[in-house]
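*Asks:* Single-letter residue listing:
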Amino acid sequence: MSETEEPLRAELTVEYPFTRTTGDVIGAFMTGLREKRIFGIKRQDGGVLVPPLEYDPVSSEPLTEMLEVSQSGVVDTWTWVDPPRPQSPWNVPHALALIRLDGADTSMLHAVLVDSPSDMSTGMRVTAIWEEERVGHIADLTGFVKEVEESDS
Amino acid sequence: MMSAELTAVLGVGQTKYSTTRGDVSIAGLCREAAYRALEDACLDFKEIDAVVIGKAPDFFEGVMMPELYLAEALGAVGKPILRVHTAGSVGGSTALVAASLIQSRVHEKVLTIGFEKQSESNATWALSLPQPFSVSINAGAGGYFSPIIRQYMKRSGAPELIGCMVAFKDRQHALKNPYAHLHQSELTFEEVVDSPMLWNPIRYSETCPSSDGACAMVLGNEKSGDQAENPVAWVHGTAMRSESNNFPGRDEVNPLASRECAADVFKQAGITDPLKEIDAVEIYVPFSWYEPMWLESLGFAELDQGWKMVEDGTTSLEGGQLPVNCSGGVLSSNPIGASGMIRFAEAALQVRGMAGDHQVDGAKKSFGHAYGGGAQYFAMWVVGSEKP
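If you're matching them up, the sequences are chains A and B in order.
All letters in the first sequence, in the order written, are residues 1 to 153 by our numbering.
All letters in the second sequence, in the order written, are residues 1001 to 1388 by our numbering.
Isolated chain B, as found in the complex (with noise of 0.2 Å):
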């Protein structure tokens, strides 16, 4: 059997995500993330082969197929462009698409985005479509996922705080991030403590903003790779899973499709120690608790002791072993269609040695993560500063 197709990160851009990006459409959004993702990858659209585009569901803006208007502005015209849809994992999904056509040898070079404009609807109510015969408690992300996360809480026996101390940690690190949306110098963790009680047991602080941003990527195969100006970033593993989001017996903390999206990723990256091997996580993490609960998912801790990474510190760009989000994460940007390509961009840009100031000094493999739905949809990806 063939094997696939060697895959390197080229180029990635960002915009600088903000409440409202009220000076481009839509369409000049993603150009500016395709333009700066193209320039570091030192290319120009017309070298490009294919365009995959994701974003989160169409009423969320209102536009309807949201890549025929785009294609003239993403350099499409005349050349294939795929637009991928998994909810809140969107971005993730959308780059291993992108990813898929390189390692399949179908092109040499693909252009990848995802996207959002948030201040163009109310995503809220986007997401709490009413359904005949059934009712609507029209509870938003956070009424369904607070159960979940007391549920963790109870089987876990994690003190109260972990939630805050996970969001007071990414809101320092996104200090150190140019593209973050929230830059809350002045921010104490007792503010956070103290914010409002969303969702008990989630905070106000302890959630994600609505962002306008989009972010975008150049993938290319092996020879493209060889031949980047630039450090790239090589694929070692990727991986898909989904399932219903209801179903008897179903471990709503720790879904079973979650845990067998991150071994298949690690196996075919050959890491049998994640908290060892891997230098720099981005993980998707819309509510402060998701980072425990899917440091243990992942296999990075055992299970019920995740809490307790945060606790010590472990997952802190200070000094920690494991550094968690160092772009400040989903809890400090979340153009929803983008966010989990930022995820994915982001792990590319630690092994790149690209990051900023939030780069984790000498990285030499990194995760990115990405879920979506009610905590059903996955897309991880492993990616390294070597050859796999």
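Isolated chain A, as found in the complex (with noise of 0.2 Å):
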């Protein structure tokens, strides 16, 4: 038996195209990024998941109570992301965080964009920045940035 011969290896892609229908709940969340408009739903127990479900996690029960929520919200915690994946939407240094929005139980994950590490703190106060062009996806929030604190008036 050669000890120098290779073992046989073949490239391997698999790649299918898939839709993918939202339903009523994933839809209006889609459709009010869209609109620059951050929608929860409201469980059972009265606590807002952000983003939302379509059935209660404890009851099982169907859910239908969406209310709007503030874009802005506290960092819970993050990571920091530096270099980029290439895959990644972001091509610069970034962090990704878990963002509970004011008004919200739950925290979502997306982007804050800051310049180093040294910005970002867990319990920061974040506010959403949005992409010009919208088509309903989560891509449409282009991320989080540090929020200006309004000076009193």
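Derived by calculation from the structure, the hints in this document are not laboratory data.
All of these numbers come straight from a predicted model, not from anything done at the bench.
Note that the Cβ used here is the ideal one computed from N, Cα and C, for glycine as well.
Among the hints, erroneous ones may be present.
Which residues of chain B face chain A? A partial, calculated answer using Cβ under 7 Å [stated by the list, open to error]:
1) Phe1045
2) Glu1072
3) Gly1075
4) Glu1120
Simulated pairs of lysine to aspartate or glutamate, DMTMM-like, Cα-Cα distance not exceeding 20 Å [stated by the list, open to error]:
5) A:Lys146 x A:Glu131
6) A:Lys42 x A:Glu54
7) B:Lys1308 x B:Glu1318
8) A:Lys36 x A:Asp24
9) B:Lys1079 x A:Glu54
10) A:Lys146 x A:Asp82
11) B:Lys1046 x A:Glu54
12) B:Lys1276 x B:Glu1311
13) B:Lys1176 x B:Glu1186
14) B:Lys1387 x B:Glu1005
15) B:Lys1267 x B:Asp1279
16) A:Lys42 x A:Glu61
17) B:Lys1046 x A:Asp45
18) B:Lys1016 x A:Asp24
19) A:Lys146 x A:Asp76
20) B:Lys1079 x A:Glu61
21) B:Lys1046 x A:Glu61
22) B:Lys1308 x B:Asp1279
Hey, can you piece these two chains together into the complex? The hints should help.
*Replies:* In structure tokens form, the structure reads like this:
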């Protein structure tokens, strides 16, 4: 048996086109993003899920009461991405954070666009920035930036 | 040895099968079928002990391990949820796994569901996964089965238009089933014959449609069957068999696994003459010729004689001795992951006397069947209006 002989190898790329039917709840969330609005849904126990789910995580009952939440919120936790991976929607170093928007009881994963990890901290306040062209997709939300404190007036 | 717990079908729920259910997510679609099955069983999610779901391969829709995503929608939070996978026969195998959880006395009431949203994917491509070092001919299911059908035609001497007769009969049956996908009230036999030849001898009208849909059943133990408000179907026999799709000497027209599976299920049900003792049959016929082929393999007809039952109208709901696929069958609705369960559920509806316009009068025993892969995975059950 030859020691130099390489085992036979072949490339295999599996690709299929898929479509997704969102249904009323996820559909309303997506449509909201197109209009620069973020919607959550009220659980049976009164808590607000953002992004929304179709069925209650505890009781399994269908959820229907959608409500708009704030575009600003708190960073619950975060990580720093540097350098961004080639597939990343963000081509600059950025944070990925779990962001709990005001009015929501759950946090949502998205990017926080700041210059360095020293600009990030758990508990910091952030606010959404949006794409000019929006299509009804989570990427309509460019990401979040540090909230500028409004001066009392 | 302790005998198995008697098992009953307490409820059946189906969605209206259609090309595209654009109004609901996969979760919403499954929920609709599950809810209808619970309603039929006069139960709610809280009374269900476990959920068993089945669907075709993950890449048909691109949702990996959908059982996890579907737990909330199916009321499975805090309960066991199990997913079954046996290609096209999955709906049947899923029902049998659910039944086994009752028969073994692990659970008292189990919700089982099969689903598919063909509109969200392309099943033909998903079936033609290229493999390194082998030639992919992208034949699709029809390309795979047509040579086998031709072999059956040669072997049995069946006339060329038997397949068209099956297709026309099933589309007529579908007109009586409100859940069926194809409702072709204007269709004529001549149009079936004249439809384009896809994979000779399979014509376009002899193939199944691509459907979105879900089918659910609630199964229960003897006590819950006794207490049910609606009529129940009692399980008299269950069997599954598999074989490789390629080995020397394999009979592809009449696979050994099919024959042994049928022999097992009829033995359990105490049936020695299926043609006489079974009143209604739901068999998995995605391509028309599989009706006579399976009738022979299953023992409803002598070898090479099954086509005569098509020709003389034995398998028609209009006065036939053995009405086959009164629901319209897979030829009229094919949400792949659900198609096997629809056969099992329709068999149950027949003996419950709840099949509506496609009811076989006075059906006491019925047979549900599913097959998958290269005609290599089999699932079957016999259900009756009375306890076994």
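*Asks:* If a hint holds in the structure, say so; if it doesn't, say that too.
*Replies:* Hint check results:
1. Phe1045: holds, 6 Å
2. Glu1072: holds, 4 Å
3. Gly1075: The hint holds - Gly1075 of chain B has a Cβ within 7 Å of chain A, the shortest such distance being about 4 Å.
4. Glu1120: At about 5 Å, which falls below the 7 Å cut-off, the nearest Cβ of chain A leaves the hint on Glu1120 of chain B intact, so it holds.
5. A:Lys146 x A:Glu131: holds, 17 Å
6. A:Lys42 x A:Glu54: Since the Cα atoms of Lys42 of chain A and Glu54 of chain A sit roughly 10 Å apart, the hinted pair holds (cutoff 20 Å).
7. B:Lys1308 x B:Glu1318: The hint holds at about 16 Å.
8. A:Lys36 x A:Asp24: holds, 18 Å
9. B:Lys1079 x A:Glu54: At roughly 19 Å apart (the allowed maximum being 20 Å), Glu54 of chain A and Lys1079 of chain B satisfy the hint.
10. A:Lys146 x A:Asp82: holds, 19 Å
11. B:Lys1046 x A:Glu54: holds, 18 Å
12. B:Lys1276 x B:Glu1311: holds, 19 Å
13. B:Lys1176 x B:Glu1186: Given that 20 Å is the threshold and the Cα spacing comes to 14 Å, the pair holds.
14. B:Lys1387 x B:Glu1005: holds, 11 Å
15. B:Lys1267 x B:Asp1279: Distance of about 17 Å is within 20 Å: holds.
16. A:Lys42 x A:Glu61: holds, 12 Å
17. B:Lys1046 x A:Asp45: Distance ~17 Å between Lys1046 of chain B and Asp45 of chain A Cα, so the pair holds.
18. B:Lys1016 x A:Asp24: Measuring from Cα to Cα gives roughly 19 Å; hence the hint holds.
19. A:Lys146 x A:Asp76: holds, 14 Å
20. B:Lys1079 x A:Glu61: With a Cα-Cα distance of about 15 Å, the restraint between Lys1079 of chain B and Glu61 of chain A holds, given a limit of 20 Å.
21. B:Lys1046 x A:Glu61: holds, 11 Å
22. B:Lys1308 x B:Asp1279: Status holds; Cα separation ~18 Å.
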